[in-house]
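In order, the protein sequences belong to chains A, B and C.
FYI, in our numbering the residues of the first sequence are 1 to 760.
FYI, in our numbering the residues of the second sequence are 761 to 1058.
FYI, in our numbering the residues of the third sequence are 1059 to 1232.
Everything labelled a hint here was simulated from the structure, so no lab data went into it.
Note that the Cβ used here is the ideal one computed from N, Cα and C, for glycine as well.
Just so you know, not all the hints are guaranteed correct.
[Said to hold, decoys possible] Examples of chain B residues lying across from chain A (beta carbon under 8 Å, computed):
| no. | residue |
| --- | --- |
| 1 | 919 |
| 2 | 920 |
| 3 | 962 |
| 4 | 968 |
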Amino acid sequence: MVDPQPSGAVGRAVPRVDGVAKVTGAARYLDDLELPGAWHGVTVRSTVAHGVLEAIDLDPAFDWTDVVVVTSADIAAHGGKNVVFLIEEDQPALAPLGGRVMHVDEAVALVAAPTRARALAARRAVRPRIAARTPVLSTDDALRGEVKLYGDDNVFKRFTIRKGHADDAAFERVMASAARVIDATYTTGAQEQMYIETQAMAAWWDGGRCHLVGSMQCPYYVHKAMKALLGCGPDEVIVTQSVTGGGFGGKEEYPSMIAAHAALLARKAGRPVKIVYDRGEDIAATTKRHPAIVRHRLGLDEGGGIVAIDADVVMDGGAYLTLSPVVLSRGVLHAAGPYRCATTRVVGRVVATNHPPHGAFRGFGAPQTTFPYERQIDKAARALGVDPLAFRSRHALRAGDTTATGQELTVSVGTDEVLGAIERVAGAPPARDGRAASGAPVRRGRGVCFYNHGAGFTGSGEQRLAGRAEVALTAAGAIEVRSSSTDIGQGSITMFAQIAADALGVAVADVRVVDPSTDRVPDSGPTVASRTCMVVGGLVERAARAVRARVEAWGAARGTPGTFAALAAACAAAEGEVAERVQYEPPPGIVWDDATYTGSAYPAYGWAACLVDVAIDLDTCEITIERCVQAIDVGKAINPTIVKGQIEGGTLQALGWAVLEHVVYKDGRVANATMTNCIVPTFADAPELETILVEVPFPYGPHGAKGVGEIPMDGPAAAVANAIRDALGVDFDHVPILPEHLAARRDEWTRAIAAAGGAS
Amino acid sequence: MTTTTTTTTATTTPTTPTGYVRPATVADLIAARADHPDWAVLCGGTDLMVEAPLRPAPAGVIDVWGLAELRGISELDDGGGAAVRIGAATPWTEVIASALVAARAPILVAAAREIGALQIQARGTIGGNVGTSSPVGDSLPVLLALDAVLELRSPRGARTVPYRDYPISYRKTALAADEVIVAVRLPAPHPEARQHWRKVGTRRAQSISKVMAAAVLRVEAGRFVEARLGLGAVADRPVRAPHAEAALLGAPVGAATADAVAAALAHDVAPITDVRSTAAYRLQTLQHVVRRFVLETA
Amino acid sequence: MNVTIEVNGERRTVDVDPWRRLLDVLREDLRLTGTKEGCGEGECGACTVLLDGAPVNSCLVAAGQCDGRAVVTVEGLARRDGGEVLLHEVQRALVERGGAQCGICTPGIAVCAAYVIDAEPAVAAAGSGAGGDGDARAKVRELLSGNICRCTGYQLIVDAVVEAARARQGGGSR
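In isolation and in its complexed conformation, chain A is listed as follows (with noise of 0.2 Å):
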């Protein structure tokens, strides 16, 4: 239950616990560290698509001699199996030898050798010798199954939820009885992650042992994949994470790529090796957010009631199944959205294709769902000609509605809320019409939306991780905050030592969070899913309770009864450690059902509003956001700074899907590896940013916190596009929205702005 005497800490704007590390360049990520006698390693990767490898020739006229050169063959050598192993075991670590080759820039061999260069020049005299294949580069592609790639239908994985009908039939007689159905497709882009430090990795052998240091989310996940791929023991890898510079997903499942290549070229070298990409490999090999076509239909009645909800998601998974079916899940779980509606079904399917595996992205398939729902309802406010906050208000779910899935919401439903919070502080709309510096006419729009996202894992996942974090009292009298949670620039080893401080009665420095090392720490499961502070933060704050417990009940024992911090030192000479490890308990009245996808989706919901004001310049067609406000239901601020600090940059990656940021791919290769054309925003790109703050908390949250990790980056694409339907007068309904796209469509918008009775 919420903590009814919050003390200190929580709740506070305490400086992040290695901000000073960070701003004087004393951090030290990967490729800081001082790796002594350490070899440089580098990828040689597949030009193709879709091959088999037929051999790796070494050019004989090339000095190898302080080379090595690892292939899949070095794997089964050593009695390891060759994959990454994440949910299933279909994707290699090197393509193997005589086997399929799935996609451009796969690896196909590694190279080590003293220097960057030395390695490079050595990269370049390995030829694979690869016979190409059919790609299959589109999802309609992949679907008509002639070119199979996975199983028989080249489907990785399918989800049906059904809401209030028996079959499809059942469910087209209720659509039918609809007045009136909107019904349009929407296409969203891959996205890239674009973490501004890149992969980096770095392995060394002592004895029988691996050691893994690197930039990564996730310690335990690169942990089980070595043991897999190396045929290892669980003490036989120790996985540790380094300073790492943002993630937002694209470390959840790669850093186990890099750490295999890593650790077979230190075992072969014998000695240490680290890789550490450049920002055209990273761009072009590693995983992005998946690209999407839902079909959305929604039947409304007269009245403007909603009849049904249908939404089918089609995602293109890439190559191998990576994380597929959990972003797909996620994607089919938001795409009814946060609106009652008796009667619903979603499909998806997440299908194989020759492009790099796509994977976690902030949102992992909820952004791709929210964009068509709330697209979907702007259209239906904009059809009935009702106010669209309002019509958003009369379908939003409250407590005591059922969700798509039949979870009925009880608690911490911060509706009214985030609503409300918008309705306050929008205002008037921006003048229509306008004129810019160059003199060109400008035409304003404004968009809202409303949206909800699952913090946790889904389902049963929280049961089944059975995360554990565990808080100790050094016999140096000491504390330590034990946990696999990673600070990837989200602030949770601060959130932590304060959630420890406050339970404990201490002050946030007397708290340490020690490093991420699967040797000394915990599996708390994986930094991903909105989970950290709302889960772990609440394991943590468990533990330290049970510390201070126990080490109050010594001194009232001992016949000197206090507080914690006055025993802690005395407690810790006289008896040493004490630690307390505890484990995920859920919420009561949390049921899922995998089969039927039925229940309690996620223990808890973040709620959310937006409203953008757009500007068109009519010459260039550029897209200008004016305004953003996001106001949303985090549960409790546990730093309202880095809460809001985490929202922001939520926020501006959303704005950047939706109007900048544009993977190309060609041929199945990324078109536009670089930093200078596969853009992101700038400073000047960012508009100011308005965060509003809601606390409707959750009892089961640490002092009533939720995720709030991912749930920025879900609804502002649909209030920008929502503000340019506004502007213009024609729908886009795809992601990103660019000039191009506008300026293809100027005969459309110029005469349904003159139908407006617009001044241009």
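Following the hints, put chains B and C in place on chain A, whose structure we already have.
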């Protein structure tokens, strides 16, 4: 059907340059260039140094970054009124700060402010932009509109070349193998001429141009009597717009002329579709931007 | 070749390939790893240092060009007073205002912002309260646009830089 292809990664062997010289004078520079025609002339490095570790190093380097003779902004009477002379190795930061350039060629200042950001402006130079001769070089349309003149030197002597004759094709120029760019001269503009500049990039800052247009337009008695348009990112090199300029000269101010000029532009450019934009967008946007220049010149 | 660079006020001589990037000289030869590489293209600004007082991308500067020149890196921003480290106003404001998240872009931003609040009159003046925050914020956005941050949405960094300009103008102790 399967075909076997040999694949190699794109990375080439980096090598170490065999030589490095830092000439103290233009005379030394010309001598070094004559001695080492295959060496790279390095100034701010904003082009040559991009992803340097992944690319082959040049055979040698002639470093002109600190060459004082190549740096600075001055007034120069070249017979046609006082021209502004900008040394080739003058970084954009100095162009932006120059009151003289701001007074004579405000569109060059405007363009310079949109080149990269502070870090690139501190190192990128006008001579580098001219020498690289990228179709998306941000100052180049301005040099066309201002009718700039290049000062070139070689062991054979000095010559001036009108900038309009300098770009020949994609990244090919009129610069001879032994020549160096010494300075850019901007002739004094007519006091009544209006200057226009517009860059449409991939984003607000630090962006590669999708369309650029610069113009110097002058109206007398309601008619255009002087018209130079410099366009970028819409052809294989920076180009003037002879058809559009012809449509302007002698035509009255107003919407009809603006529309005619926009239509004529289609004959002056050959935009492409690439990872940054589309041919259709480039043409349409160029037409609207130039049309706006004309409408705003009254 | 031997290259002598004044780095953070100290003369350092290194024997390097003249084509080697200043970034690599700083990070590898001089072990000043505060300067980061984000792209190697001159695009992200993580490698920003001051070269003869001006912010530059150290990934685009050849070592040979640095002979006899002065470089300031993020390690040179803070002052040391005896054993105490006194953060630069920009560094202090970034910590206090939450302007650093993952921190990999932060050194470049700190260096560029330290230049901007001193050298750019519009920011310095707005920092003193003249002209209003709106102008200063817009100017900060323009001048820092060569530094890409993927974590913050920039809002809290802009807050921090304006705050730092104000502290600097107010003669706040370093």
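Against the structure, the hints come out as follows:
1. 919: violated (35 Å)
2. 920: Because about 33 Å separates residue 920 of chain B from the closest Cβ in chain A, which is outside the 8 Å limit, the hint is violated.
3. 962: Given a least distance of 5 Å, the restraint on residue 962 of chain B holds.
4. 968: holds (6 Å)
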